[in-house]
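Top line first, the protein sequences correspond to chains A and B.
Under the working numbering, think of the first position of the first sequence as 1, with each following residue one higher.
Under the working numbering, think of the first position of the second sequence as 1001, with each following residue one higher.
Worth flagging that the hints you see were computed from the coordinates, not collected in a lab.
Every residue gets a Cβ at the ideal spot worked out from N, C-alpha and C, and that includes glycine.
Incorrect hints may have been included.
Cβ-Cβ distance ranges computed for the label pairs, FRET-style [claimed, not checked]:
#1 B:VAL1071 <-> A:GLY130: 32 to 42 angstroms
#2 B:GLY1026 <-> A:ASP72: 17 to 27 angstroms
#3 B:VAL1033 <-> A:GLY141: 36 to 46 angstroms
#4 B:HIS1234 <-> A:SER73: 48 to 58 angstroms
#5 A:SER2 <-> B:VAL1019: 35 to 45 angstroms
#6 A:GLY38 <-> B:SER1018: 50 to 60 angstroms
#7 A:ARG227 <-> B:SER1018: 46 to 56 angstroms
#8 B:GLY1026 <-> A:GLY141: 37 to 47 angstroms
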Amino acid sequence: MSIELVNVCKSFDSNEVLKGLSLTINDGQTTTIVGASGSGKSVALKHIVGLLRPDRGDVWVDEHNVSRLDQDSLYRLRRNIGYVFQFAALFDSMTIGENVGMGLRRMPELEEDEIRQRVSECLALVELSGYEDRLPSQLSGGQRKRAGLARAIATRPKYILYDEPTTGLDPVTTAVIDEMIVRMSEELGVTGVIISHDMKSAFRISDRVAMLYEGMIRIDGTPDEVRASDDPIVKGFIQGIPELMGAKS
Amino acid sequence: MAAITTHVEAVGQAAIRSVSSVGRAGFLGIDAVRALRKVELWGPHLIPQLARVGVESVPIALFIATFTGIVLSLQASYTFTGAVPLYFVGTLVGKTMILELGPVLTGLALSGRVGANIAAEIGTMRVTDQIDALETLAYDPVAYLVVPRVLAGAIMFPLVVILANAIGILAGWGASLVLLDLSSPEFLKGLKLFFLPFDVRFSFIKSITFGVTVTAVGCYFGFHTRGGAEGVGHATTRAVVIASMIILVLDAFWAAVLLR
Ligand SMILES: Nc1ncnc2c1ncn2[C@@H]1O[C@H](COP(=O)(O)OP(=O)(O)OP(=O)(O)O)[C@@H](O)[C@H]1O
Ligand SMILES: [Mg+2]
């Protein structure tokens, strides 16, 4: 049981984004994918839930080949996966409470008051208690982001994919979200895949860090391994020194 | 030479694009039919969508029908100039309204209203990842968004058109009483003269296809919106233009198939 991307290639028209990306995400671990803006991190993450299909290569989740699944099996698989969108993607015709409850309403075993209970629990986790009746348009960008996070964790999925969960949040909220991600993994055994630009918190909260560069995984290892890498591309990226990266390519 | 090649290329690319749009529209159609079985997803949204199509369309449809009815009666009497008995005004108003102008004008107006709204709404959901979010929450977006809208179009549209037909005829009747020297019995005599129940059925069938066209085209362009707010604008305009064109073609099609 794990997530595995095998030699995934994906182009949009003439724009080759992924050029043979392979990455294994072990169960119960938190893996952070880093990489420059536009390097294809979001595209890679969307392949895991089948929002995009690879041109070549395979995506495996729980022994299912995601790109080969029929529609019903894909939807069934998605119930085990929570997805936090980079820009929250809240349904703007619904209140925050309804947004967070969306996934729960697809679970027939839940009663209406259990749903309400869970919604307020999840909102409390992201420090949005009492925001149930607000509309997304009445929230700040950071609050929307946290509401999106609450929506993704509400169904208690086995896998959670976070597309930049803390970008644009203040340092204190970032720490709260980071801690929440760690708790999800330690207490609930959730497997997390995080896209992040924040190297410091990536090294702090992840079991593994992978760097996406020019459509492929440049390095994949424990935080210590990545920090110790002497690949100029990796070094240049994590230290924020573009000259190092330019020297190689 | 280079210029010619560029033109040829442009034409070729446009052709490829239109073929692939037809293909994608076909896929969306198949998905929509398959999504019909997911009643739990579209069922709760049908009534609100019916209400929405009704609210958005009735005022404008009645407005158009009223003035069309008035013009029809005046134009008929102007055309007949005493050569044809004036009670034929009733015939012309009734026939034209029911067979042609009721459905077509309502259809065109609604592509600009209901169709545009649907394209903008779904297009915005597309560019803000809300449709992807539905997917990840295991909601089939076709069942959730497309099916209730298209069904609402198919159900509500004929009702709106029947109402528009009736109002148009009433307006024509009123105009012939007030503006022409025609009495009510004469107008009604003309109205009944060539009236066939089939006319109403024809109007009904046509309107169902128009309702499906307007809503399905709106959904299609909304679903395939790209590129932010500007993309939503494009999608909306294209939805209106394409739906209007299809309505006119369908109109000729139904006339050729059912009126011969
Ligand atoms: N649906 C799409 N259609 C066409 N091109 C796309 C699409 N999605 C992504 N791309 C392109 O793929 C490339 C990678 O995009 P992606 O969103 O994965 O970047 P990213 O690594 O997540 O960047 P950021 O850190 O800025 O979010 C970009 O060049 C983008 O234009
Ligand atoms: Mg991204």
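Now for the hints, and whether the structure bears them out:
A beta carbon spacing of about 58 angstroms between B:VAL1071 and A:GLY130 contradicts the range 32 to 42 angstroms that was offered as a hint. The hinted window of 17 to 27 angstroms between B:GLY1026 and A:ASP72 holds, with their beta carbons roughly 21 angstroms apart. The hinted range of 36 to 46 angstroms is satisfied by B:VAL1033 and A:GLY141, whose Cβ atoms lie roughly 39 angstroms apart. Here the CB-CB span from B:HIS1234 to A:SER73 is close to 35 angstroms, at odds with the stated 48 to 58 angstroms.
Taking the beta carbon of each, A:SER2 and B:VAL1019 are about 41 angstroms apart, inside 35 to 45 angstroms as hinted. Restraint check, A:GLY38 to B:SER1018: a C-beta distance of roughly 31 angstroms breaks the suggested window 50 to 60 angstroms. Distance hint check for A:ARG227 and B:SER1018: the Cβ-Cβ separation is about 53 angstroms, which falls inside the suggested range of 46 to 56 angstroms. The given range of 37 to 47 angstroms is respected by B:GLY1026 and A:GLY141, whose C-beta atoms sit roughly 39 angstroms from each other.
Comparing the model with each earlier hint shows violations of hints 1, 4 and 6; every other hint is respected.
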